[in-house]
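All chains should be built: construct the whole structure from the sequences, respecting the hints.
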Amino acid sequence: MALPPIVKTWQHDVNQTIYNADPETCTDELLLAIKNSLIGFVTNAWTVWGSCDGAGGFGNDDAVDRWTDASDLVHQAEGTAHSWMVLENSETGVQMCFNFTNWLPYSLEVVVSPGGEFGAPGSGGTGADGTGTNRPTAGDEIQMTTEFGRNGAYTYKLHVQHTTDAECTRFWFCSETDVYGMWGFETPYDPITGWTDGVFWGSAGSAIAVGFDYSRWNDNSSSCRTVIDDDVVNLYMSSEGIASAMIGEYLTAADDDTGEWPLCPVGLVATEGAHRGRKGSLYDIWWGSTGVDSGSTFPDDATRLYAQFDHMIVPWDGTTPQIS
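Under my numbering, think of the first position of the sequence shown as 1, with each following residue one higher.
Keep in mind that the hints are not guaranteed to be accurate.
Derived lysine to aspartate or glutamate pairs resembling EDC-like cross-links, with alpha carbons at most 16 Å apart [claimed, not checked]:
#: 1; residue 1: K35; residue 2: D129
#: 2; residue 1: K8; residue 2: D190
#: 3; residue 1: K8; residue 2: D165
#: 4; residue 1: K8; residue 2: D317
#: 5; residue 1: K8; residue 2: E167
#: 6; residue 1: K8; residue 2: D65
#: 7; residue 1: K35; residue 2: D13
#: 8; residue 1: K35; residue 2: E78
#: 9; residue 1: K35; residue 2: D69
Simulated from the structure, these hints should not be mistaken for lab results.
See the structure below:
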């Protein structure tokens with residue numbers, strides 16, 4: 001089909017190369033680069049709510065960034081001195097917490113508070129403040145993942161995107177042509193009446209590439225979540241389908257008449273629990289064809305307005321996407 005319009009204005013910090021010969025330092029530098037991108041955007045960047053450097057320095061709701069170097073990211077179990085960081089979306093109020101939960105290089109807990117409720121009630125939170133040995137908590141928190149990066153020293157290509165209205169943030173990293181981790185913090189498009197929380201999707205694998213693929217996000221809803229009426233709801237990222245497969249899985253070649261590849265909007269559907277039904281869709285992301293190589297761009301010229309990673313297509317900044 002013809003390329004759809006891009007609704008949002010996107011800021012890009014893509015094609016970043018991260019590598020260190022030491023596996024733990026390599027993981028730390030990758031996460032440090034993500035944090036620096038999120039707080040470094042020109043318009044409505046994320047801000048630091050609080051942080052801990054794993055060496056005794058910590059603060060809650062003090063806006064101090066204690067992660068200035070990879071050495072500030074200390075890996076140890078909860079209850080032992082280790083590092084954590086809470087970032088806050090400047091416009092939506094959503095907060096995310098990065099927390100090192102284990103001594104392993106790839107162990108990282110990512111927790112989201114849709115209502116921005118990290119910290120003790122006295123400081124506006126609904127949980128507990130963080131310390132030098134424990135991360136802060138929130139009454140509405142959603143755990144997204146407990147793994148990050150690969151189990152070893154690898155070259156990563158990091159891509160971070162954030163809209164100027166701060167409603168949508170996405171970041172993912174590739175290694176050896178595969179996507180090994182991705183997160184999205186999204187305000188849904190055309191949501192059902194009464195649903196005001198965002199959509200949060202994310203996953204990362206220490207050994208196996210997780211991918212922007214149909215099998216994970218369309219067939220398996222476990223990694224896309226929201227909150228409706230205080231209930232955590234799992235969502236499928238739906239697509240147009242035929243029989244038992246999606247259009248992008250059936251059409252593995254370009255259209256015979258136009259030469260164009262299929263692009264299908266990404267819907268949000270709950271099929272279990274107390275909130276079953278179609279809930280809305282996502283801005284500026286589309287399901288593509290499994291017949292298109294990861295790293296391909298659209299249209300077929302030097303503008304490169306869209307890029308495909310695995311089976312998903314996103315707005316792009318005109319550069320050549322790097323996946324390895």
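Violating hint indices (sorted, rising): Checked against the structure, the hints that fail are numbers 1, 6, 8, while the rest are satisfied.
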